[in-house]
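So the sequence lines, in the order shown, correspond to chains A and B.
Read left to right, the first sequence gives residues 55 to 287 (this note's numbering).
Read left to right, the second sequence gives residues 29 to 223 (this note's numbering).
It should be emphasised that the hints constitute simulated quantities derived from the structure, not laboratory data.
Treat the hints with caution; some may be incorrect.
Said to hold, decoys possible - Selected chain A positions facing chain B (Cβ under 10 Å, derived; list incomplete): (1) F58; (2) G81; (3) P99; (4) R103; (5) N116; (6) V129; (7) E148; (8) A155; (9) V159; (10) L215; (11) R253; (12) F258; (13) Q272; (14) R278; (15) L281.
Unchecked claim - Straight-line Cα separation of at most 16 Å, EDC-like style, residue types lysine to aspartate or glutamate; simulated pairs: (16) K133(A) / D166(A); (17) K84(A) / E101(B); (18) K138(B) / E72(B); (19) K138(B) / E205(B); (20) K161(A) / D55(B); (21) K138(B) / E217(B); (22) K75(A) / E101(B); (23) K193(A) / D233(A); (24) K196(B) / D170(B); (25) K84(A) / D55(B); (26) K84(A) / D199(B); (27) K84(A) / D82(B); (28) K138(B) / D188(B); (29) K75(A) / D82(B).
Here a beta-carbon is modelled for each residue, glycine too, at the ideal position from N, C-alpha and C.
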Amino acid sequence: MSGFKPRDWSSHAPYIAPDYKSTILRGPTKPLMSLSGGISEASGPVFARAAVRDLDWDLTRNGRVNGEPIGERIVVHGKVMDGDGRPVPHTLIEVWQANAAGRYVHKVDQHDAPLDPNFRGSGRCMSDENGNYVFYTIKPGAYPWGNHFNAWRPNHIHLSLFGPGFATRLVTQMYFPGDPLLALDPIFLGTPDEAARNRLISKFSIDKTEEGFALGYQFDIVLRGRLATPMED
Amino acid sequence: MTYGETPSQTVGPYFAYGLTPGQYGYDFSDIANHIVAGPDAKGEHIRIIGQVLDGEGMPVSDAMIEIWQADHEGVYRTEPVSIENAGFRGLGRCGTGTDAQNRFVFETIKPGCVVDATAPFINVTVFMRGMLVHAFTRLYFDDEAAANARCPVLQSVPADRRDTLIAKRADTATGPEYCFDIHMQGNRETVFFDV
Ligand SMILES: [Fe+3]
């Protein structure tokens, strides 16, 4: 079994990113020890299609109680691939987010914005054999957080992916184009490289937009690639 | 053509209803929970318990731990993971927000030694608010002293930090329990790996 290319740290944030205050006491401070290429990191959990149930991929419907959720319906399309552009098929993608008012269902979310009885804000989908995935949801609202005076998170959707091995595990956030809060957000800006962090911004797509129903966004996700395998066609 | 990696971002404080809904009492199915090996799994059944401690030694209440391990024969599961499986699942996931002491608790079996290693261990991944990139570590067992002494990964770690990777066994009325606290910082900072 071949391993994966080393994590490209130029694409990621440091553990201690002082503008994001919680990192100061929570990020490791000592250098990481290298651990290369064993079967343990190359192996990882796989999930059956059945792990994604009926409406898991449609957050506009999976939390309904007595009506439709409030907000702007969107459809998110994307391709999961590795750094060489190879599709990552059949990988589980878990998503969670705030509602249109910027409120999470989570019990400790103290933000004084309304809950939506018809929106839970969590779901999951799986990439197909070509790495493509899709889910429907409501565009999440911005919400305040206590990091600094007048700190507001830009609109975002949280995504969690496994990829082909334990080493490819990724938890990330998808943002929206043109959001003025991006330039002020220590979490988004925690990734120092501008080109890298701009990969977190989805693209509006009129082609993926569904007539009379939902605005389309494209969000491709790039996981670490495999080490070169000899004699590949 | 090569493509840059998508940057990692924090799970934030509100992951529970998306990633660990059953544990936190939300109405959504789980893909994994704290049971890594059900009652039917072969091997020695054990419990793993620990806290995640921040730079001031305070337990973190909004961390999520994932573990991925081999079965009792040292083989990683290649069949799909399912929480309906009463046998060996291989993957576990637990948040630290539902226990009064902010502990994570896993029910599992002691893994066998995988083919390219000399000592048994469990892969551990740490996620939390305040971490923009998750952290990898390994859990080794203190009752495997001879195997640990031969393990090249453990031996590559400075001797005074090796202990941070070794879970301590206690035999309790409800079976063997291994304590594995994860120190994010400080003079007992856990060894994390660049996997
Ligand atoms: Fe969030």
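For each hint, the structure was consulted:
no. : hint              : in the structure
1   : F58               : 8 Å, holds
2   : G81               : 6 Å, holds
3   : P99               : 4 Å, holds
4   : R103              : 9 Å, holds
5   : N116              : 8 Å, holds
6   : V129              : 19 Å, violated
7   : E148              : 6 Å, holds
8   : A155              : 14 Å, violated
9   : V159              : 5 Å, holds
10  : L215              : 9 Å, holds
11  : R253              : 5 Å, holds
12  : F258              : 18 Å, violated
13  : Q272              : 13 Å, violated
14  : R278              : 6 Å, holds
15  : L281              : 13 Å, violated
16  : K133(A) / D166(A) : 36 Å, violated
17  : K84(A) / E101(B)  : 34 Å, violated
18  : K138(B) / E72(B)  : 6 Å, holds
19  : K138(B) / E205(B) : 11 Å, holds
20  : K161(A) / D55(B)  : 13 Å, holds
21  : K138(B) / E217(B) : 25 Å, violated
22  : K75(A) / E101(B)  : 44 Å, violated
23  : K193(A) / D233(A) : 12 Å, holds
24  : K196(B) / D170(B) : 5 Å, holds
25  : K84(A) / D55(B)   : 40 Å, violated
26  : K84(A) / D199(B)  : 33 Å, violated
27  : K84(A) / D82(B)   : 14 Å, holds
28  : K138(B) / D188(B) : 25 Å, violated
29  : K75(A) / D82(B)   : 13 Å, holds
Violated hints, in rising order: 6, 8, 12, 13, 15, 16, 17, 21, 22, 25, 26 and 28; the structure is consistent with all others.
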